[in-house]
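Q: In case it helps, my numbering puts the sequence shown at residues 5 to 687.
Please note that a few of the clues may not be correct.
FRET-style restraints, in silico, Cβ to Cβ [claimed, not checked]:
id, residue 1, residue 2, range
1, Gly486, Glu652, 53 to 61 Å
2, Arg629, Glu450, 18 to 26 Å
3, Gly486, Arg409, 48 to 56 Å
4, Asp224, Thr102, 43 to 51 Å
5, Ile438, Arg349, 38 to 46 Å
6, Glu477, Ala324, 46 to 54 Å
Calculated directly from the structure, the hints in this document are not laboratory data.
We put the CB at the ideal spot given by N, CA and C, even for glycine.
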Amino acid sequence: MSQHARKNKKAPPAASTVLDRLIRWLVIAVMVTVAGWGLSRVPWPIRPTSDPSMNPADGDHAKIIAAERELAALAALKPLPAPPADLMPLSAGDASLTRSALEKAATQVRLVASEARDELKNLGLSESEDAGLVSADWLAGETAFSLGSWEEAEQAYYRIVNRIRKLRAVVRMARDLDVSEQALTADLAANRELLRTFGGERLREVVALATQARGQSAGDPIARAKLYQEALIKLPQAVGEARQAERREKIGTLLQLAGRAAERGDWVAAAAASASILKYDPENARASALRAQAVKGLDALIDRYVALQHEPGRTPERTAGAAQIRRGARDGDPLCQIALLLYSRDDPALKETPDTLARCRAEGWSGLLQRARRGSRTAAFLAARCYEDGIGVDRDMTEALRWYRDAADQGSVQAQNNLAWIHHQGFGGVPQDIAEALTWYRRAAEQGSIPAQCSLAGLLLADENSADAEAAEWYRRAAEKGSALAQCNLALLLMTGRGVPRDESQASALFRSAALQKDPLAQFNLGYLHMTGKGVPQDDAEAVRWYRLAAEQGFATAQRNLGGMLAVGRGVPRNDAEAAKWYTRAAEQGDAGAQCNIGWMCAHGVGVDQDLVKAVTWYRRAAERGNPEALFMLGVMTVQGAGTARDETQGRRWIAEAAARGLDQARAWLELAARPRVSETLP
């Protein structure tokens, strides 16, 4: 070791140094355990979870697990057995004894003390200092007995009895001092690390007595035995004192970890650490405060996680929240367990094993209900969700409404939103109540809920009292937070000037913002603006790009318009087969315009094989939806008997209906059909 290292090496505590020397002096190799004095410390294995998603990056979760297990291991240790306690006078335990009872007790113990006094000779201690002390106690007892001071006499006699009991043990120890020395050595060695680190005043006394015993003259085995006896009597107290010191250190470590976890918002770790402390130290005020803070933090975390389900994009905050919920569920927090059950179906970050989900279902409900009854609004909201969906409990909309209202009254935005939606839709047998829905949507909207702001705006637009301006304002608030739905709807209002001044340029900017979030309606509308040149420069290629993006998401109108652009070669090379493909996709979704167009292509063999029967089928489906062009073409083909049985009467009906719907081509056909034929005017 270098000189610098020697200078900086921390010196061990004095007591530890003496203890180490004592154990080296004594015969450590001989681990003889005397009955009544042995103790072994079994280390607790530390196995933090190996799942990296379960542990924070700084490893505090693993440290908390380790500290929890070490504290549990300490609590599981049995106390070192104490030596037999002194016998106590009968009068010491009962102040209500009569004088006759006291006299009887004193008389009985007097006989025992007399026999014990006579035992001094057998022990070989009749000339010892102890014999003098026994004689003094006997004289005191006899004097008190003769004066009728029964309590005083009893106490003196008991001192004799207890002294002789100890002297018996001393004599036994003196007969084989090696065993006594080895017993002390074994117990010290078994607790070496504990005592080295946490030993206190009691340990120093034990070490001093053992050192003194070893240095005692070999010619006085009784004196050495007394020292060993006293050391062994004090050893359990020394071990207990050290355990208390170790316990305080472990609790201090957990408090530090809990506080650090709370500071960074890791409420699962803070809750676990503080709960472990309170298990072994229920009166710890700091742990109680941290536990309460962690419970509130977990409530807020789950509340925020649920709110983030409805906000644009998947934020790091939502991912971090999901990770905490998973850890909390595994740690047994009931709110985390129920949240995992409710949202793991839709959030890959919450995916868990079937066994974990089954445990959450079995354990979570009762704890959740307790927290809800104690006033947790998040627990009340989750309880309502459970009753609504029948998770962990039978489905019950009455109970769901009760808990939603409880949470909503406490300010839960999610509960206010769900309560509004149930009344808005008349869901689950609850009567529709638009006024009630408006009330709760408004309360949630005022707290910044994007779904509530959009829903409130939608209801206001449907209101006959012309609340368009207020609706536009709510859409604007949600749009400013990035809601694609709100951006798209506000853009539609700007395009028409409903509730706001007409502004096609601002509308196009909002459509673009929503389209970039992959909103198909916004992508379609942006394509339409580029096709028509409204609010943006006219650009067929850009129109095709946005139509295609919306069409690929299954938006039927965009599929039809993309088919139209391909059919005529606008912004893209003409491709009849590709056009037919997109028309077909839209037609299969029930788009009447696309059904009419694919019917025309089938009738004329453009982009597909000619098939008049298919053409009639598509025309008929579009006609059933009221499409005037389809009504006209179906009528013409029926009059002609093309692709279907000829029926001039039915064909004229369809053509007349198309004309009634404003189709000029149908009117012209009817007018032409009504003219007299040339052959009919000839003589």
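Q: All hints, please: hold or fail.
A: Cross-check of the supplied hints:
Our hint of 53 to 61 Å for glycine 486 and glutamate 652 holds, since their Cβ atoms are close to 59 Å apart. One distance hint, 18 to 26 Å for the beta-carbon pair arginine 629 and glutamate 450, is violated here, with the actual separation near 41 Å. Here the CB-CB span from glycine 486 to arginine 409 is close to 30 Å, at odds with the stated 48 to 56 Å. For the pair aspartate 224 and threonine 102, the supplied restraint of 43 to 51 Å holds, since their beta-carbon distance comes to about 47 Å.
Here the CB-CB span from isoleucine 438 to arginine 349 is close to 31 Å, at odds with the stated 38 to 46 Å. Between glutamate 477 and alanine 324, the C-beta spacing of about 33 Å breaks the proposed range 46 to 54 Å.
When the structure is compared with the earlier hints, violations turn up for hints 2, 3, 5 and 6 and for no others.
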